[in-house]
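Let chain A serve as the given structure and place chains B and C on it in line with the hints.
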Amino acid sequence: MRELINTYGLALLKALGIHTVYVLVSVAIGFAIGLIVGILLSRKPSWSTVVLPIVSIFQTIPGLVFIGVLFIWIGMKPATVIIALSVYAMFPVMKNTYTGILEIDPKYIDTANGCGMTSTQRLFQVELPLAMPTIIAGLRMATVYTVSWAVLAAMIGLGGLGDFIYQGTYTNNNLLILIGAIPAAILAVVLTSIIDLLQKKVTPKGLKKGGRS
Amino acid sequence: MSAQIILEHLFMVLVAGFFSILIGIPLGIISYQRPGPGKVILKAVDVLQTIPALALLGIIMVFAGAGKTTVIIGITLYSLLPIVQNTCIGLQQVDDGVKDAARGMGMSRSGRLFRVELPLAFPTMFTGIRIAIVNAIGTAVFAAYVGGGGIGGILNQAIRNKDMGTLMKGTASLMIIAVILDLSMGLYEKHVKKSHGNTRQMVTAAVVLGIAVLIMIPIGMKGNSGTNEIVLYDGNYSETQIMHRMVKYLVEDQTDYTVTIKDQMTQVNNFKCMVGNDPSCDMMISYDGTILTTFMHQDTSDVPSGTTMWKYVDDYSRKHYDSQLIGKLGFDNTYAIAVTKEVADKYNLKKVSDLQRVAPQLTFGAESEFFSREGSMKYEPFVKFYGLNFKNTVSVDTSLKYNAIENGSFQVTEVYATDGLNKKAGLVTLEDDRHFFPDYYGTFFVRNDTLKRFPELKKVLRELNGQISNEDMVNMTYQVDVEGKSVDTVARNFLIKKGLISK
Amino acid sequence: MIEFDHVSKYYGKKQVLKDLNFTIPDGKFVTLIGPSGCGKTTTLRTINRLNDIDEGSVRIDGVNIMDRDKVELRRSIGYVIQQIGLFPNMTVAENISVVPRLLKYDKARCEKIVDDMLAMVHMEEYRDKYPSEMSGGQQQRIGVLRALAASPEIILMDEPFSALDPMTRASLQEEFKSLQQKLNKTIVFVTHDMDEALKLADIIIFMVDGKVIQIASPEEMLDHPATDLVRSFLGKHVHDQAAPTKVEDYMLRNVRKITKNRGVHECAEMMARYSVDTLLVEESRNGKYMGIVSIGDLRKYGRTLKTIEPIVRDTQRTARVGDEAKESFDYLIDSGAGYVVVLDDRDRIAGIVTKTSVARSVAENLWGDEQ
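Chains as they are written, first to last, in my numbering: chain A, 1 to 213; chain B, 1001 to 1503; chain C, 2001 to 2371.
Looking at chain A on its own, in the form it has when it is part of the complex (with noise of 0.2 Å):
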């Protein structure tokens, strides 16, 4: 263990924390384009039979050849995994703030336009707060896969804990993909256990006790 430690610890550390940070930066820019572009969609509800459909078909596009086409185009940095990741972790943000908008109880939206409320001010005081729920739950789902695609980063020279699992992979080494896996596991749970707080937060109030209203 102290061998192992040894030879691996201060590796370790540091491609635990470049993954990190590829996964925290990626979700966070993803978080954002998504939920910008699931508003206007649920803005345009019309579009989204457009728009919903041709993302579903590049969602399909693997990983693996997106990072690899990307590479070929911009190259051995950062913003080749960082636009990738963010792509990814855009979809299941953008899905779920669609759906989680359009799902409201159309009492609510009613209500809101008939005291007299404008289109940003609905979206603000009524719709995002009702949908955070479901927002929130994109968000974990975009976590979870971007730790684990980010993975892809050491496919292209970029670090972090795919280093560990390449080599491993290469080498036959079990040991080393374990090195790569276990913390990734690790770093996963603790990024889900935060947000699963932070759903907590966010669900209204009102919302919680299951009331009818």
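Hints may be right or wrong, so weigh each one.
Stated by the list, open to error - With a straight-line Cα cutoff of 25 Å, these simulated DSS-like cross-link-like pairs (lysine-lysine) come out:
id: 1; chain 1: C; residue 1: K2129; chain 2: A; residue 2: K107
id: 2; chain 1: B; residue 1: K1424; chain 2: B; residue 2: K1485
id: 3; chain 1: A; residue 1: K201; chain 2: C; residue 2: K2257
id: 4; chain 1: C; residue 1: K2288; chain 2: C; residue 2: K2257
id: 5; chain 1: A; residue 1: K14; chain 2: B; residue 2: K1378
These are calculated hints, taken from the structure and not from any lab test.
Same frame as chain A, now just chains B and C:
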């Protein structure tokens, strides 16, 4: 790219989808009904999701062996998260009033679940299934690493060769599969919604689908057995692919044996498939140095003096792997250090020791394997040996190494001496003037029982002894990777040219 | 004053409002009534521009509403809907002060409004509750307060009480009627319940198929129904010898009862489950009627009690099976009470009579089980 490959891909996705539904929905129901264990289940599927595909498949292969089974298990595990989560959420979201009413009408717990709660939770559950299936299409790409076939192998090679055409075609097929599956699932969902959660219809459709999948299993898995053929896996490098095809043509030309080349996988996984308890292939091309370091986990320094590495590895294989090495094929696919033409000219580099002066201005890049801390033919020992001090190091996936050096991510790299892409990328290999790298002689690694079952095999394989020089190999891989010729043609032409087979 | 001037509206090819012309004077309580699909809700929603009209104009105090900013217009008009629509993410206080806050009133003024509003319905202690913690009747009281909060001159109400149980509905109607008399607002009120219309309205506008059939005061309408359909809607209010006269003919039997030795929690839970704010209490031994327990008392004193017995209130008047229904109706109308409890010959609870239950049973007599 043949329809066969696309069907294979689809097959893995559907079978895995089927099993993940079969497992995921009950797990989702349990998580809903018993929040205690439910929390554990939800966390567990979360964690499963974070294990990178490459690692997960590698681990499963240890138990399940190479091939589609491993891929299907892997995708099934990955698909659990959206299905379990959405089943649980969907059930939780069913209006309390409705649950109350069902309870008030005296429905039993299971009656409530099947007649009220599940039908109402169906849209959310189905969204989970759709997500799972669409994701699975992407995950199945990793099948190429463990001999599962499908579109992944094509994509990997296309990235490596920067073959945008093939890359687009492969990706487009994935998208089309996704669209078709998604649309048909959408139709089904609409249909179910129209029937207002008519459970019988839902179940009927699901059962029909299930039976269809079960019928597909034996068809999709076919070709896994067969005792009267010599089985090889396809490699994920042109060199392996060419050599395995040479074996096929030569053996089939000179004997009555049938040689089958199955799906692509990496060297490491191929080796695992040969030496495991239930070997699924008979032989592979390898290199004495690779077997020594990667598989035996030993080092060049472990080779006793007075014997050659080849002999040492052969002895070891007979003793521990129930296999042996056959032939030295002639080419020596050792590591070589290469620099870009530009750098070579600028600094007038000919030998590795010439790098000493200029290393601090250069970045060294290689696949992650080379940076591994185990073994002596690796980066650390190498720079120590030559006293090099590079500005920076970069590890990169083998499939992207040549792309990376072409776009200037690094200037010095470690290559296989016989890689045709060296020629294409205009790399200049530097002479290993102080002999750091040992020879890596190409040789066949064959199981002993295979030799017993196919007595003529040994003799035929030996015909290739010393026939293929490094230059031959570079030319052949160049023809495949750069000129885009098929491996079959290249392998066959070579054998004909050497007079080993008749037309 | 709200003026409808040749107002028409189409959904695709279908004309849903057909040349509406009428005026709603200030301070009047006007109900729009008619069979479902007659366009009454659509008409209501054109006033605050939740629905736009295709022809004609709607003017408020002489100004065409199309010339006013939509948002500003809506803030100046109160709005209450059947589904209540309290924002579940906001507390009662926040819900009430939605419009004042939109109008950028300062904080102190918003607080004051909330206090005043809650005091009006004696619900001060609900200030920081969330809608999901209240019964349907309480929620709709808050819904009404929300509409009143910014002191609009006009309030639009779309079947506000029809989702409530009969007892709660009866008491809310009473409360609201007296509130209206105090505040003197212009109220436009959509209902399908003629009894409710007769009880509350100054003017009834009867619509059928997108057209106005009759505009009249309740008395006028009773005296001279314009068509047979109006007559049938008025039902029992028009004298008809064949109509049953006994109290049990008009009685609602399905009432929520509880025995006096039940716990405070059980009682509260029952109220929440059935969304009611009053339960009838009976003796535990012989099932005799004792009185009522209200959610207000339960809240006020419940914490110190084990059973509900000490907070059971006697009701002024009961009727007995076999009594003439008219006596109870007269009492209901004169006293302003929401309901009368009907007892059987052994003093047990047989049911209740509300003004609405009368209209219901008449409807049943006229149309069978259609309603």
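To test your reading of the hints: which numbers does this structure violate? 3
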